[in-house]
Amino acid sequence: MTNQALAQQIGQALDKIRDTKPLVHQITNYVVMNDTANVTLQVGALPVMAHAKEEVAEMVQLAGALVLNPGTLEPDWVEAMTTAGEAAKACGVPTVLDPVGAGATTYRTETNLQLISHVQPEVVRGNPGEIAALLGVGGQVKGVESVGDLDDPPAVARHAAKAWSTTVAMTGVRDYVTDGDRAVAIDNGNQWLTTLTGTGCTATAVTGAFAAVESDFVVASAGALACLGYAAELAAPEAKGPGSFKVALYDAIYNLTGEQLTQGAKVEWLE
Amino acid sequence: MTNQALAQQIGQALDKIRDTKPLVHQITNYVVMNDTANVTLQVGALPVMAHAKEEVAEMVQLAGALVLNPGTLEPDWVEAMTTAGEAAKACGVPTVLDPVGAGATTYRTETNLQLISHVQPEVVRGNPGEIAALLGVGGQVKGVESVGDLDDPPAVARHAAKAWSTTVAMTGVRDYVTDGDRAVAIDNGNQWLTTLTGTGCTATAVTGAFAAVESDFVVASAGALACLGYAAELAAPEAKGPGSFKVALYDAIYNLTGEQLTQGAKVEWLE
Amino acid sequence: MTNQALAQQIGQALDKIRDTKPLVHQITNYVVMNDTANVTLQVGALPVMAHAKEEVAEMVQLAGALVLNPGTLEPDWVEAMTTAGEAAKACGVPTVLDPVGAGATTYRTETNLQLISHVQPEVVRGNPGEIAALLGVGGQVKGVESVGDLDDPPAVARHAAKAWSTTVAMTGVRDYVTDGDRAVAIDNGNQWLTTLTGTGCTATAVTGAFAAVESDFVVASAGALACLGYAAELAAPEAKGPGSFKVALYDAIYNLTGEQLTQGAKVEWLE
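Residue numbers (my numbering), protein chains in the order written: chain A, 1 to 271; chain B, 272 to 542; chain C, 543 to 813.
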């Protein structure tokens, strides 16, 4: 597939989200629930937040994708994530995992490794520090922020994708998406995204929406990151600070069409 | 009461909220807590979020109304809602229930039916899919969104109000409020409300504020829906998307006076 | 120290937050988590929300400050707050406590007294009603809002600081910060802050960021309140209501420099 064909498929995926309005079942953290529900709606899908073990297996059967985000994890929630993830696997619903803060504490690292092992998510979307920490190849995490640089981010992403048999979407100044074989770099986005809490979580929620309509998860993940990043570029001229940037970002995501996304997506296949 | 007299009583209720600043005790879902607390403040009341069984019965005695919203339900929270609802009944505090996502899973449907039965809420505020699902007369719920149309929404609302001995506020393109006997249609609002998560929950919180000052719960519920819907109309010219709409909506709720609401309310008694 | 020297130290503290990006570990309430995480980022620090007893003691060791806010308290969370607070004490990380709604219910009052006793926070940031209720000297709390006036707020604050061997930051139209010996009044801020939910909690989060870089907790607390209050003053001309005020407030906090804060801070040592 050429870069241009990839951009086209990404734009078509956005249109398909709007046409089919898939349900995106999210078991996510308290900090971002409102944000990720809103962005899910504005990208064209329907969000549902449900975490009780009494209902997650039933809810996920209605969904086009499952998003697991243990950003404010505790044992009951992790158990619900596992149950939901296993039910998703059983009924063919793709799962996207966001290993928030992996590497910061032993509990976060171990929980995310267990989720990867038990749930076998179709996509893992994290920052370089989190991915490296889960691989045990270094990487620094301060709370939930990645600090310090990896020597070779695309190689780390590929290594992780192979180790976990999944698609890895590693976000940073340059984003990398890979299934261990194919790899895409995405150059959309800007620094304003780093001034808001939970934009990584938001990227994960958008990835859920794309994964619900596009079964090539490399394309779906690249599409989600291009979508959020390009909307951030469109919003930037309105930003006088993080408050006004956030307003403009949500407006931009809502107003972005598939055709515009195809034109604005900066996606490039890597060797 | 004429339609004009109803609009007047609604405007007066808004003024009374501002004058008396009733406490609205909310046991609600994680997604909307910040939004419903803000809207409660901006309509003129005081919000308090408290869900521990150690304190809910004591807290609700200080309140003018109780709002129960099991949108991110789990057993401990449902137990607290039941305890709070029973305490509210014992001390004459009206309860407004929002059966979020009833019909989507068995757990949601059964929990909401139990809450209706044990708590006997003064108002049930839901969308057509949720109300119909609880009645067992069809209706489709996709996650927490109502999809598909009912044949005769006002008849379903009346049926529910009679079955549950409550006031039902059923929101949609046209809103219906009925106690099974009297019925009002409200035509305020616009499509921007559907681009934000939790506007139903917001309507429920505002209903709590109105129910704290207006003991005719048909008037209170119609007032809340007219208030939120008219504020949405006033906000629409500022909206470039859901982000800027939300900002303008909160500004509009805060700035709306009782007199303006009386003039802007599109409320009509039905036969 | 002169008032001018205090203002200078406050401006330098803000610069130091931006230079060192301390991690502020927050165990806080559901209503404000998104807001306090964002404001923490925008003031220049890194927020992390983590409440599981499996990780709080490990997480707090990475932090520059710990913020405890039992605004939506329940036993498991209170236990985690105690564990985190004790670990913070053991490793020299300062703790800021926000006794949200103390006085409204017995459970809130007792929990906050226990946290003060077990955790020995370096700063207690509350409104006059909460502080007075915890001291048992009257004060009225309606839900989580302070209502009614104390006769002599600075005396109450001093009394509390001495009783609890801490720095008390008591916010109101005029803010008072005291360690029982020295006392500062802060006159920044405006009425718009009262139209948003959780601005007290936001003040507490900002206090955490300042306490992470300034070990004189009277200066740190006064600095945080001047910072938030002055940003509110800068935001006011943009406000058409609470929605647009909040956007402008977040922009203003992000854009505020240490030098501007030194010039805008209205801080005064009291006898």
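Accuracy of the hints is not assured; some may be wrong.
Said to hold, decoys possible - Straight-line C-alpha distance at most 27 Å; calculated DSS-like pairs for lysine-lysine:
1) C:K558 x A:K240
2) B:K292 x A:K21
3) C:K808 x C:K558
4) A:K16 x A:K53
Stated by the list, open to error - Reference listing, derived: stretches of chain C covered by chain A, where coverage requires no fewer than 3 residues with Cβ under 8 Å from a Cβ of chain A:
5) 566-580
6) 599-606
7) 699-706
8) 754-764
Derived by calculation from the structure, the hints in this document are not laboratory data.
A virtual CB, placed ideally from N, CA and C, is assigned to each residue, including glycine.
Hints, verified against the model:
For the proposed pair K558 of chain C and K240 of chain A, the alpha carbon gap of about 23 Å is at most 27 Å, so the pair holds. Proposed proximity of K292 of chain B and K21 of chain A is contradicted: the alpha carbons are some 40 Å apart, above 27 Å. About 20 Å separates the Cα atoms of K808 of chain C and K558 of chain C, which keeps this hinted pair within 27 Å; it holds. This hinted pair does not check out: K16 of chain A and K53 of chain A have alpha carbons roughly 31 Å apart, beyond 27 Å.
Coverage of a stretch by a chain is defined here by at least three residues with a beta carbon nearer than 8 Å to that chain's beta carbons; for the segment 566-580 of chain C and chain A the count is 6, and the condition holds. Residues of the segment 599-606 of chain C with a Cβ under 8 Å from some Cβ of chain A number 4, which satisfies the need for three, so the listed coverage holds. Remark: the segment 699-706 of chain C is not confirmed as covered by chain A, as 0 of its residues place a Cβ nearer than 8 Å to a Cβ of that chain, below the required three. Residue count for the segment 754-764 of chain C with a Cβ under 8 Å from a Cβ of chain A: 0. That is fewer than the three needed, and the coverage hint is violated.
In the structure shown, a violation is registered for the earlier hints numbered 2, 4, 7, 8, in ascending order.
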